[in-house]
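Colleague: If you want the building blocks of each chain, they are given just below.
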Amino acid sequence: MKAIIIAVVLLIVCNLQAQNFKFGKVSKEELAEKVHPKDPTANAALLFKRESVRFDYRKGDGFTQVRTIHQRIKIYNKEGFSWATKKVRLYDKMNSESEKLYKLKAYTYNLVDGKVKDDKLKSDGVFDEELNKFWKVKSFTMPNIKEGCIVEFTYEISSPFLAIDDLELQYTIPINVLEVLVKTPEYFIYNKVLNPQTTYLPKIEESSSTKSESITNTSISNGSLGSRNSDTSVSQFTINENVIKVNETDIPALKDEPFVDNLGNYQAKLKLELTAIKYPNEPYENLSSSWDAVTKTIYKSDDFGEQLDRSGYYEDEIDALTANLESNAQKAFAIYNYVKVKVKWNGFYGYSTDAGVRKAYKEGVGNVGDINLMLVSMLRYAGIIANPVLISTKSHGIPLFPTRDGFNYVICFVEDEDIMSLLDATGDNATFNTLPIRDLNWQGRVIRENGSSTWIDLTPRKVSRDITGLNIKINSDLSAEGKVRSQKFDYIAKSYRDNYADLSTEAYIKVLEKDKGEVLISNLEVEGEDSLLEPIKITYEYTMDNALEEIGDKLYFSPLLFLNTQENPFKQDERKLPIDLMYPMSDKYMINIMLPEGYDVEYLPENQALDFANKTGEFKYLVNQNGRFLQVNVELNINASLILPENYTFFKQFFAQAMEKESEKIVLKKI
Amino acid sequence: MPLKLSVILFAIVLSTTTNAQDEELLKSSTIPIQLRVKANAVVRYDNTLIEVESFNDFLYSNKRIVTVYNENGLSDQGAVVGYDDNRKIKNLEARIYDSNGEEIKKYREKDFEDASAVSGGTLYSDNRVKYLNYTPTNYPYTIVIETQVNYRSTAFVPSWRPIGGFYVSTENSEYKIINNSDTEVKIKAINLDGYAIETHSEFHYSAQNLKSIKPEAYSPSFKSYAPMVRAALVDFEMEGVKGLNNNWQDFGKWMYDELLTGTEVIPEIIKEEVKALAKDATTDAEKAKIVYNYMQNKTRYISVQVGIGGWKPMLAGDVERLGYADCKGLSNYTKALLDEVGVTSYYAVIYGGKAITSFDNEFSATEGNHAVLCIPNETKDIWLECTSQTNPFGFTAGFTDDRDALLITPEGGEIIHTTVYATKDNLQSTNAMITIASDGSISADVTIKTQGYQYALHEGNQNKSLREQELHFKGYWDYINNLSVENIKFTNDKDRVVFIEDVSVSSSSFAIKSGKRLLFQPNAFNRVTRIPTRYKKRTLDFEVERGYKDVDEFIITIDANFDIEAMPNAVDISNKFGSYSFSIEKLSDSKLLYRRTQILNKGFYAKEAYDDFRTFMSTMVKHDKSKMVLISKT
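Line by line, the protein sequences are chains F and R. Residues in the first sequence are numbered from 1 upward in steps of one, following my numbering. Residues in the second sequence are numbered from 1 upward in steps of one, following my numbering.
Okay, chain F solo, but in the shape it has when bound (with noise of 0.2 Å):
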């Protein structure tokens, strides 16, 4: 019975030194894991993550918010030296509300000899380095980093402001164990969202606890004989905290797969944010708590709404501008260039206005909030129903819960009777309905005029198509010649804008024969570069050297000659993030052959469709013979902005069968 009890003393002694987590008390067990026992692909494992955030009251300056961070982290190979060195952001503006960064303490362990051995992080590896007017970094880098190692650090950060920084709850490599905990003062009420578009969901404890805090104050008066006597008295109150835990181990690895729009959607974070202050005998101030409520509060401000009411420096030209315009439709269009000429972007972001509209305007240059919010208030001068819509940008990611912060941009919708389009002044072959790529994320909020705000979907609905004619004459050396004439429509032709628009003639006939074998190019002509409402057209000849394989004595080539797909860009066998294709889209060729003389058709590919998802995707192909022509039609078309993880494997082949078609040979033989 006794032994049983030692034995049993024993082993939680045991488990207890495998899993000390006080700082600077690494084992050798830990020290001599080879590979991650959950992810042998893992460089790099947080054995022991800590992050923890309190408020501390201190006389003259209020609350003050503490972050504590401890870290233990296991290096497994070279690949995962990079977490041995640490950056730091802090804010850095006046040293009222500057970040500061403390305590800091670091080791790094190895095994030398069956002995842990440490070394201390000295001052010769940390960092302080100036970024900009707003921001330093502190960086450091550990000693002594070697395969196996294990490097632990911990350091605080405190904050003059209430708003508390996301807190990451997945990385890059595995994480063991993971404690947070955040203790916040009665008064300031957070509203706490976990990311729902992770694959892996920690769970939140929530509780409430007291703490006390002592002021002291100290008064100085001038006593009798010239003596001076100072008088001390201490003051003690309690307040309420309101306390969130997590409490987590064996969190995977966070991947990065091609072709998603932003890995920070898919990270387990918790994200708290400042909804109201209450403070004793102060009325209740409410910062935001619904996306009705964030609206109407960005909506109320100086730099948002009242810019809006503005107008008058800007009368005189609009009405200038639209003096001899009929329908509604054309002063938008009129006033929508306008203000894309009239004033440039300087690559910030924000719903706000930064200089504010009128300076924008004088000076020629803005920020998102100032163009967008002067186009809306131009055309609603004008007559036209417009209202501004918040949106957050693909790179800013979808918001978790209203708060203020969850927009960083602000676009226009029409929404008069014949125009209905949203418009977005800053990108410049950006036109009605086609907005600028980083504006297609999640949905916007539309503020009419009233205050009151709804939602409004930005996935692009309509399909972008890109419509292709070739014309093979194919010669009896082997070469082919023809004529390709292509329409582009909206996002495509955007696309084409973006890229090509500025490039000579030559230069986009180099990109064009660009890999495509032996191709010359000539008579190159390009249309609707500058009409943003119309489609790009692109008609150029072409002469190709070996179009045709002689292989024996047949002919062998396939219809789509130099212009099919090379390569399917989806190489992965399995995918967890979605695939995010910006916009539905529809490509399709149209082929005509004139056979060579001597030669007839041996054998032509069979007809085919292909269906995907329920119409989600669809291929097809056509062909027919009419004496000495032939007719091809491919197309190929994707009705969907995203592609969910599950449908990927189809997804996947179908491309893959559509691209197996396109290459398929015709063959001809001689007569």
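Derived by calculation from the structure, the hints in this document are not laboratory data. Don't take each hint at face value.
[Claimed, not checked] Calculated lysine to aspartate or glutamate pairs in the EDC-like style (CA-CA distance at most 16 Å, straight line):
1) R:K622 with F:D515
2) F:K514 with R:E216
3) R:K625 with F:D545
4) R:K105 with F:E363
5) F:K133 with R:D111
6) R:K516 with F:E602
7) R:K464 with F:E257
8) F:K571 with R:D114
9) R:K279 with R:E340
10) F:K483 with F:E525
11) F:K571 with R:E216
12) F:K537 with F:D587
13) F:K211 with F:E79
14) R:K211 with R:E237
15) F:K183 with F:E51
16) R:K622 with F:E549
17) F:K192 with F:E206
18) R:K513 with F:E662
19) F:K269 with F:E168
20) F:K271 with F:E363
21) R:K536 with F:E518
22) F:K93 with R:E362
23) R:K38 with F:D502
24) R:K214 with F:E506
25) F:K571 with R:D111
26) F:K133 with R:E109
27) R:K513 with F:E606
28) R:K298 with F:E79
29) F:K362 with R:E103
30) F:K669 with F:D573
31) R:K625 with F:D587
32) F:K516 with R:D624
33) R:K536 with F:E513
34) F:K255 with F:D573
35) F:K344 with R:D98
36) R:K513 with R:D439
37) R:K188 with R:E362
38) F:K344 with R:E71
Got chain F sorted already, so can you dock chain R onto it with the hints?
Modeller: Just chain R now, with coordinates in the frame of chain F:
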């Protein structure tokens, strides 16, 4: 001499800011038509004056007027000035003018953005930059920038590059050095012939109407043909350390005495450790290899640029303690270790990079972006790259091979050439056992063996995750659709510097079906697919920097239900660019042997030869696409 006259006029412009000439330059309509061709920006006027006051003090003054035509021309503005404790900005201002020459904006020094000059891979550097953050409202616009920088570190004198890069033309550019000091200023003019450049004196140059240059495939480095004037002070100072630079010998001596001496101290215990490790080794090469391996296992590369302008290596003792350093610190540390085992090695400054850039043998000045170590050897010097934890001993192909570098010896500096990897040594052998089934699918076991420069191109695959390795092979053979990859195995023989990749692949759609026939390309696993860009009129000479040789042997087994209907004839081509040959041998009714050898020679060729080169490459592409036809017996 209208040319001279305009130079004089411009000299006047420099002293007074408003001037009729100046105003003309602010209007974009006055740009000569030939300068607008293929230009994102035109440098209307660029005047550099360097006034040397003493060996440790010169003033750099520049006035620059640039008309920018589009977004791509923004970087040609030149609105960036680097500074640090020993390079102080004295004046910095800019004005923006619209296309009619009307001023639209003015910037003073405080309006410039101030940022750290740290580049992506560097953890810390004390260099900073001020740059202009201007959003153009209309193109074209013209910017006038005036800069004055006082240099107290004089080891680097700004050179003159009248053509700043591709797609920018230059209307006027002038460069002048006035020497008020008793130190000598050395100067070297490079590639001025053939450009409209006038040499007024050894220290005074001007250029008019230089047309833009556009990049072309296989061009040699820009530096090798663009005009440039370089300058250096014979007596100079780098962050308070005085130096002498008559020639490379002096300059190297200075580096040895002031930057390296005293940095090589390492703890006794480490000395004993390496001595013990190398005690059984007999030759210098063996000892060095042991030390190199020891260093690789102890250190990693971290770029921290402090200390004498980023030129002085971190102390070897600190590298020992911290286990990291940049190229200078790691090379110097390795040198200290080698000293202990009695192997002589020299620190060397070099240009690292895939593109080959050499030090100028004839003109000594502060150069280079990297440091390595050289162990002199009678038959073949051994060069050590100390920043990699995986690189084989003495292997430099692809990063520091075939170029002139500065060797720093106690006696002084010396320019020497690094290891050249010959065409025949940059070898890749691909062997495969291929089976083609009746449905057109393929399965194959492939072995790729690489050496020399080709080793450097393949070796990195082993460090990728399994998923990335699979994607790599799918991309490497991207002309085979639906490829699946299995059984990847890498063998890295670091002693012989041979990398072997074994992989099994299959694809359901390899051979193309046409009724009863199957068509396929017998060259399944090593095709040249890209033809170099075609130019109507090639303007630049061209270069193949590194030659290579590929040897391929594939044994192809076809389905027994098929007969061979047609088979391509053997090809054998040889010319100055290289050679190409392939043949197919029928081993039995269903077994074929495909052999191919392709060599591309290292070489520098006149632009007139480009069409022939392109034809050679496209001929290879064509032959690599040759098809076999199988026909069903049933």
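Colleague: Work down the list of hints and note, for each, if the structure agrees.
Modeller: Evaluated hints:
{"no.": "1", "hint": "R:K622 with F:D515", "verdict": "12 Å, holds"}
{"no.": "2", "hint": "F:K514 with R:E216", "verdict": "13 Å, holds"}
{"no.": "3", "hint": "R:K625 with F:D545", "verdict": "14 Å, holds"}
{"no.": "4", "hint": "R:K105 with F:E363", "verdict": "9 Å, holds"}
{"no.": "5", "hint": "F:K133 with R:D111", "verdict": "12 Å, holds"}
{"no.": "6", "hint": "R:K516 with F:E602", "verdict": "11 Å, holds"}
{"no.": "7", "hint": "R:K464 with F:E257", "verdict": "14 Å, holds"}
{"no.": "8", "hint": "F:K571 with R:D114", "verdict": "44 Å, violated"}
{"no.": "9", "hint": "R:K279 with R:E340", "verdict": "11 Å, holds"}
{"no.": "10", "hint": "F:K483 with F:E525", "verdict": "12 Å, holds"}
{"no.": "11", "hint": "F:K571 with R:E216", "verdict": "32 Å, violated"}
{"no.": "12", "hint": "F:K537 with F:D587", "verdict": "15 Å, holds"}
{"no.": "13", "hint": "F:K211 with F:E79", "verdict": "45 Å, violated"}
{"no.": "14", "hint": "R:K211 with R:E237", "verdict": "38 Å, violated"}
{"no.": "15", "hint": "F:K183 with F:E51", "verdict": "11 Å, holds"}
{"no.": "16", "hint": "R:K622 with F:E549", "verdict": "10 Å, holds"}
{"no.": "17", "hint": "F:K192 with F:E206", "verdict": "10 Å, holds"}
{"no.": "18", "hint": "R:K513 with F:E662", "verdict": "12 Å, holds"}
{"no.": "19", "hint": "F:K269 with F:E168", "verdict": "5 Å, holds"}
{"no.": "20", "hint": "F:K271 with F:E363", "verdict": "38 Å, violated"}
{"no.": "21", "hint": "R:K536 with F:E518", "verdict": "14 Å, holds"}
{"no.": "22", "hint": "F:K93 with R:E362", "verdict": "50 Å, violated"}
{"no.": "23", "hint": "R:K38 with F:D502", "verdict": "11 Å, holds"}
{"no.": "24", "hint": "R:K214 with F:E506", "verdict": "12 Å, holds"}
{"no.": "25", "hint": "F:K571 with R:D111", "verdict": "49 Å, violated"}
{"no.": "26", "hint": "F:K133 with R:E109", "verdict": "15 Å, holds"}
{"no.": "27", "hint": "R:K513 with F:E606", "verdict": "11 Å, holds"}
{"no.": "28", "hint": "R:K298 with F:E79", "verdict": "15 Å, holds"}
{"no.": "29", "hint": "F:K362 with R:E103", "verdict": "14 Å, holds"}
{"no.": "30", "hint": "F:K669 with F:D573", "verdict": "40 Å, violated"}
{"no.": "31", "hint": "R:K625 with F:D587", "verdict": "27 Å, violated"}
{"no.": "32", "hint": "F:K516 with R:D624", "verdict": "15 Å, holds"}
{"no.": "33", "hint": "R:K536 with F:E513", "verdict": "13 Å, holds"}
{"no.": "34", "hint": "F:K255 with F:D573", "verdict": "15 Å, holds"}
{"no.": "35", "hint": "F:K344 with R:D98", "verdict": "14 Å, holds"}
{"no.": "36", "hint": "R:K513 with R:D439", "verdict": "8 Å, holds"}
{"no.": "37", "hint": "R:K188 with R:E362", "verdict": "9 Å, holds"}
{"no.": "38", "hint": "F:K344 with R:E71", "verdict": "12 Å, holds"}
Of the numbered hints stated above, those contradicted by the structure are hints 8, 11, 13, 14, 20, 22, 25, 30 and 31, listed in ascending order.
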